[in-house]
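Can you build the whole structure from these sequences, using the hints too?
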Amino acid sequence: MPLYPFPSLREVLVFALVLGRVAGIFAAIPSFGGQTVPMNFKVLTVLMITLVCFPVLKITAPPMPADAFGLGLLVLSEVAVGLTLALVVQMVFSAVEFSGQIIGMQMGLTIASIIDPSRGSQVQLMSVLRSLLATLLFLSLDVHHMFIRAIIESFSVIPIGGWHITGELVSFLVQRTSDIFVIGVRLAAPVMVSLLLASVALGVMARAFPQMNIFIVSMPLNIGLGFLIMGGTLMIFFHVLEVSFGNLNGQITTLFRLMAKGG
Numbered sequence: 219m220p221l222y223p224f225p226s227l228r229e230v231l232v233f234a235l236v237l238g239r240v241a242g243i244f245a246a247i248p249s250f251g252g253q254t255v256p257m258n259f260k261v262l263t264v265l266m267i268t269l270v271c272f273p274v275l276k277i278t279a280p281p282m283p284a285d286a287f288g289l290g291l292l293v294l295s296e297v298a299v300g301l302t303l304a305l306v307v308q309m310v311f312s313a314v315e316f317s318g319q320i321i322g323m324q325m326g327l328t329i330a331s332i333i334d335p336s337r338g339s340q341v342q343l344m345s346v347l348r349s350l351l352a353t354l355l356f357l358s359l360d361v362h363h364m365f366i367r368a369i370i371e372s373f374s375v376i377p378i379g380g381w382h383i384t385g386e387l388v389s390f391l392v393q394r395t396s397d398i399f400v401i402g403v404r405l406a407a408p409v410m411v412s413l414l415l416a417s418v419a420l421g422v423m424a425r426a427f428p429q430m431n432i433f434i435v436s437m438p439l440n441i442g443l444g445f446l447i448m449g450g451t452l453m454i455f456f457h458v459l460e461v462s463f464g465n466l467n468g469q470i471t472t473l474f475r476l477m478a479k480g481g
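When the letters of the sequence shown are read in order and numbered with our numbering, they come out as residues 219 to 481.
The set of hints was computed from the structure by calculation and includes no laboratory data.
Misleading hints may appear alongside valid ones.
Restraint-style ranges between C-beta atoms, simulated for each label pair [unchecked claim]:
(1) His382 - Asp285: 19 to 29 Å
(2) His363 - Phe433: 48 to 58 Å
(3) Leu294 - Arg228: 14 to 24 Å
(4) Leu289 - Arg367: 22 to 32 Å
(5) Ile441 - Gly288: 34 to 44 Å
(6) Val422 - Leu446: 19 to 29 Å
(7) Thr395 - Leu452: 25 to 35 Å
(8) His382 - Thr471: 14 to 24 Å
(9) Val411 - Asn431: 21 to 31 Å
(10) Val411 - Gly464: 23 to 33 Å
(11) Ile370 - Phe433: 56 to 66 Å
(12) Val388 - Leu414: 15 to 25 Å
(13) Ala424 - Asn258: 53 to 63 Å
(14) Leu355 - Thr384: 29 to 39 Å
Dumping the calculated SDA-like pairs for lysine to any residue here, alpha-carbon to alpha-carbon at most 25 Å [to be verified]:
(15) Lys260 - Pro281
(16) Lys260 - Leu237
(17) Lys260 - Ala246
Just so you know, these numbers come straight off a predicted model, no measurement behind them.
All C-beta atoms in this analysis are idealised placements derived from N, C-alpha and C, irrespective of residue type, glycine included.
Following this line, the structure appears as structure tokens:
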């Protein structure tokens, strides 16, 4: 049977490996890998991007395994390349969610939780709000185009089957994991400091006016002050995220170097 548009069975296998790497990247990119995107649309998008990219890729295919188990491991290694590249941007969004949890806890909204449209699970209200804002900035800055370019560049740096776990790669990913807490605290710092000062002021008032019910006063005050500070420092929030998204290009280049060195 003719394998149109592929001239041989080997080309079909190479296409499947390229498809695995593309699917790995898009499976972890925010706003695309969530449960709100229909599975049919995901499959069609990954397939179309692979069909567009495949003719321009200069791929030197390695010797194909003779058994299905070896071929499956090769496909999994290509998926791992895509997941590793997408992991750096996923950490930024994890930092955004972490900052929302800090703010929600200080505002007293830990009980309030809604369905996160990107994951399909219940998370805190402030985490969902800030994640949606980060997604809008992610798309408006065309950061997703950076990962489409990374798909093309990855095949010139990391050959098929060239993904290996090395100590330097693990160390780099651990360092990026620590950025979740650093970026999260930076994003939540204005509201954290403001609510901390408000708590100190309420504590002083509680000592000065013992008859005042500070608990009843503090709950609406923290919520109102929290939303007011978040609205006033929204540009700071976007600036910190813009710097973090701007660092992704260098992090992807470093991942290329580490994974190629591992190969």
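Outcome for the supplied range 48 to 58 Å, where the beta carbon pair is His363 and Phe433
Between His363 and Phe433, where Cβ atoms are some 50 Å apart, the hint holds.
Are Leu289 and Arg367 spaced within 22 to 32 Å by their CB atoms?
holds, 28 Å
Straight-line Cα separation of Lys260 and Ala246 no greater than 25 Å?
Given that 25 Å is the threshold and the Cα spacing comes to 12 Å, the pair holds.
Starting from Lys260, check that the Cα of Leu237 is at most 25 Å away, please.
Given pair Lys260, Leu237 holds - Cα atoms ~12 Å apart, limit 25 Å.
Pairwise beta carbon distance, His382 to Thr471, judged against the given window 14 to 24 Å:
Given range 14 to 24 Å: holds, Cβ gap about 18 Å.
For the pair Val411 and Gly464, does the Cβ-Cβ distance stay inside 23 to 33 Å?
holds, 25 Å
Take a look at whether the Cβ-Cβ distance between Leu294 and Arg228 falls inside 14 to 24 Å.
holds, 19 Å
Go ahead and decide if the range 25 to 35 Å is satisfied by the Cβ distance of Thr395 to Leu452.
Since Thr395 and Leu452 have Cβ atoms about 27 Å apart, the given range 25 to 35 Å holds.
Can you tell me whether the CB distance of Val411 to Asn431 sits inside 21 to 31 Å?
holds, 25 Å
Does the Cβ pair Val388, Leu414 satisfy 15 to 25 Å?
violated, 36 Å
Has the hinted range 19 to 29 Å been met by the Cβ atoms of Val422 and Leu446?
holds, 21 Å
Check the hint pairing Lys260 with Pro281 against an upper bound of 25 Å on the C-alpha distance.
Outside the cut-off at roughly 30 Å; violated.
Figure legend: structure checked against the earlier numbered hints; hints not met, in rising order: 5, 12 and 15.
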